[in-house]
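The number in my numbering is simply the position in the sequence shown, starting from 1, with 1470 added.
Hints listed in this document are in silico derivations from the structure and should not be mistaken for laboratory results. One or more hints might be untrue.
To be verified - Okay, the calculated beta carbon distance ranges per label pair:
| hint | residue 1 | residue 2 | range |
| --- | --- | --- | --- |
| 1 | Phe1851 | Leu1527 | 57 to 67 Å |
| 2 | Gly1570 | Val1881 | 17 to 27 Å |
| 3 | Trp1896 | Tyr1837 | 33 to 43 Å |
| 4 | Val1826 | Val1884 | 16 to 26 Å |
| 5 | Leu1895 | Leu1559 | 49 to 59 Å |
| 6 | Asp1538 | Val1881 | 27 to 37 Å |
| 7 | Gly1551 | Phe1844 | 36 to 46 Å |
| 8 | Glu1498 | Gly1659 | 22 to 32 Å |
| 9 | Val1487 | Arg1528 | 36 to 46 Å |
| 10 | Asp1533 | Tyr1499 | 42 to 52 Å |
| 11 | Trp1896 | Gly1551 | 53 to 63 Å |
| 12 | Gly1551 | Met1865 | 39 to 49 Å |
As the list claims (entries may be wrong) - Keeping only pairs whose Cα atoms sit at most 27 Å apart, straight-line, the calculated DSS-like set for lysine-lysine is:
| hint | residue 1 | residue 2 |
| --- | --- | --- |
| 13 | Lys1539 | Lys1660 |
| 14 | Lys1922 | Lys1869 |
| 15 | Lys1813 | Lys1869 |
| 16 | Lys1866 | Lys1815 |
| 17 | Lys1809 | Lys1866 |
| 18 | Lys1870 | Lys1813 |
| 19 | Lys1915 | Lys1870 |
| 20 | Lys1866 | Lys1669 |
| 21 | Lys1815 | Lys1870 |
| 22 | Lys1669 | Lys1627 |
| 23 | Lys1869 | Lys1915 |
| 24 | Lys1870 | Lys1809 |
As the structure is a computational prediction, the values presented were derived from the model and not from experiment. Backbone N, C-alpha and C define an ideal beta-carbon position, used for all residues, glycine too.
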Amino acid sequence: MTLSLVAQLISLAASFVFGMIVPRYIDEYQYSYWQMYLLYVGYVGVLHFGLLDGLVLRYSQYDYDELDKARLRSQFQLLLGFTSALAFLTCLASSFFLEGVTLWIVVLVAIGIITKNIFFYTSYTFQITNRITQYAILVILQKAVYAITVVVLLLCKVNDFYWYCIADLMGDVVAIIIGACLNRGLYFGKALAPKECFKESWLNISAGIMLMIANFSFGFLIGGAKMVIQWRWDELVFGKVAFSFSISNLFLTFVTAIGVVLFPSLKRMEEDQLPNLYVKIRDTISPLLFYVMLLYFPGCWILEMWLPAYSESLVYIGILLPIIIFSTKVSLLTNNYLKAYRKEKMMLLINVISVVIGFVLFLLGAYVFSSLDFVLYSTVFVIMLRSIASEVAVMKYVKKNFTLDYIVEFVMTVAFVAIVQLLSLWWACLAYFGVLVVYSVLYRKRIALVFKQVGGLLSKKKTQNSSATSESAIAPTSEKDSEEEGNLLASDNEESEKENNQSKEN
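Make the full structure from the sequences, and use the hints.
Right, dumping it as C-alpha cells:
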C-alpha cells in the first residue's frame, strides 16, 4: 500500500470522525464554536504573505545538502518571530474587547497563527528538497494525532469545544517537532544578519504572494460563505450550516481520494496525450458523481436517526451536495491542466473573480434579502461558474468543446436540488433515480466505457507491486506505469468520439 493511499484513507477517516461522530457526542453550541475556530484558523496561512511559497519556487531545485541553510534558517526565525508577535498582539487586544466564548476562539486562532505557519514551513522544507516520503509521513502524522486525540476526548465524554481545538493544535506541534528533528539544520544554528534576512524575505514574498493568493482563493468560496453566515446569523444556525458543509466535504474527500488513486499524474504524460486524456477523465468524473449523489437519500435517512438534532441540516446538504460535481472537476482536472499548460495566472484570475462575485452575492443574500437559502444557492452557483470558466480556459488548449456537457450538468444539478426541496425523502429518491435512468439511456455508451475504464484501472492497481519508490508516495510508481494508465484512459478513443458526436446530435 503506497503512502498516497494511506494518506487518503487517513484523511477520509479523520473527516468521518469530525463530520459524523463529534456532533453526536457534543452539544450543538459547542460544535458550532468548534466549527468557528476551524473556519478562521483555516486561513491564518495567508499571514506569511507568500514567503513560504516563495521559498518553494526559489529553492525547489536544490537537494537538502545543497541548500543555503543559514538563509532558510533566517526565514524560519523571521516567520516564528513575526507570527509570535502577531499572536501576542491579537491575544492582548482581544482581552480588552472580548469575553467568554468569543475570547476563547480568538486566543486559540491566535495560537494557530504560530502553529499552522510553522507547520507549513516544516512541510514545505520537505517538498523543497524532494523528500516526498518524509513529507507524506509528516502530513499523515499531523492528521492522525488530531483524529486520535479527538477520539480520546469523545471516549472521555469531553464536551467543551476548546479541547477539540487544542487537539488540532497538538497535531501541528507533534508534526513540527518531528520535522525539526529530521531537518535540524533548517531550524537551529546561525542565521543571516537582519538586513540580509529582510532582503531575502522580500524576495521570497515577491516571488510567492501570487501563488499563495491562488492557493487560498481556491478554497475561499466556501469559507467566504460560511463567514458571512457566521456574521449574520446566530450560533445554532451557523452550526447546522457548518455541519452541512462538513458532510458535503466528506463526500468530496471520498471522491477526491478515489480520483487521486485512479488517475495518472499529468506531469508524467506527453503533451500530445493530454487532450484525449482530458476527455476520458472528464467523461469518467461527471457520470460517477451523478451516481454518487444518489447516496444522499439513504445517507439522509441514516443521518436523521443518527443525528436528529441536525435534521434541519439535511435540507442544506441537499442544496450544497452538487458542489462535489464542480469542485471535483476543478481540483482533479482543470487546475491540473492549467498548471500543465503553465497557465497559473489564468487560474489565479478565475479564482479571484469567483471569490469577488461570491462575496457580493453572499452579502446581498445575508444583509439585503436576509435569506440563508440565497447564500447557499449562491455558493453552488459561483462554484459552478468557476468550474465552467476553468473548463473554457482549458478548452482552448485541448481543442474540445463541452458546451452540451455544461448544459446537461446544469440541468442535472437543478433537477437534483428541485427534487430534494419539493418532495419527501423517498419520493425524491425515486424521482432522482428516474432522472438518472434517463441520463443513463442518453449516455449509455459513454457510461459503459466509464465502467470499463474504471474496472481496468482497478485491476491494474491490484496487480502492481506493493513496494514503491519515495516518489510514488504521491505519483504513479514509474514513468512506464503512468504511461500505461494514460493509455488505458485514452483507449477506445474512436468509440468515445463517436459517442460524443451522437450525444451532440441528440
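Okay, the hints, checked on the actual structure:
no.	hint	result
1	Phe1851 x Leu1527: 57 to 67 Å	violated, 34 Å
2	Gly1570 x Val1881: 17 to 27 Å	violated, 48 Å
3	Trp1896 x Tyr1837: 33 to 43 Å	holds, 37 Å
4	Val1826 x Val1884: 16 to 26 Å	holds, 24 Å
5	Leu1895 x Leu1559: 49 to 59 Å	holds, 50 Å
6	Asp1538 x Val1881: 27 to 37 Å	violated, 56 Å
7	Gly1551 x Phe1844: 36 to 46 Å	holds, 44 Å
8	Glu1498 x Gly1659: 22 to 32 Å	violated, 49 Å
9	Val1487 x Arg1528: 36 to 46 Å	holds, 38 Å
10	Asp1533 x Tyr1499: 42 to 52 Å	holds, 51 Å
11	Trp1896 x Gly1551: 53 to 63 Å	holds, 59 Å
12	Gly1551 x Met1865: 39 to 49 Å	holds, 47 Å
13	Lys1539 x Lys1660	holds, 9 Å
14	Lys1922 x Lys1869	holds, 25 Å
15	Lys1813 x Lys1869	holds, 16 Å
16	Lys1866 x Lys1815	holds, 15 Å
17	Lys1809 x Lys1866	holds, 14 Å
18	Lys1870 x Lys1813	holds, 17 Å
19	Lys1915 x Lys1870	holds, 19 Å
20	Lys1866 x Lys1669	violated, 40 Å
21	Lys1815 x Lys1870	holds, 22 Å
22	Lys1669 x Lys1627	violated, 51 Å
23	Lys1869 x Lys1915	holds, 22 Å
24	Lys1870 x Lys1809	holds, 18 Å
Taken one by one, the earlier hints fail for this structure at numbers 1, 2, 6, 8, 20, 22, listed in ascending order.
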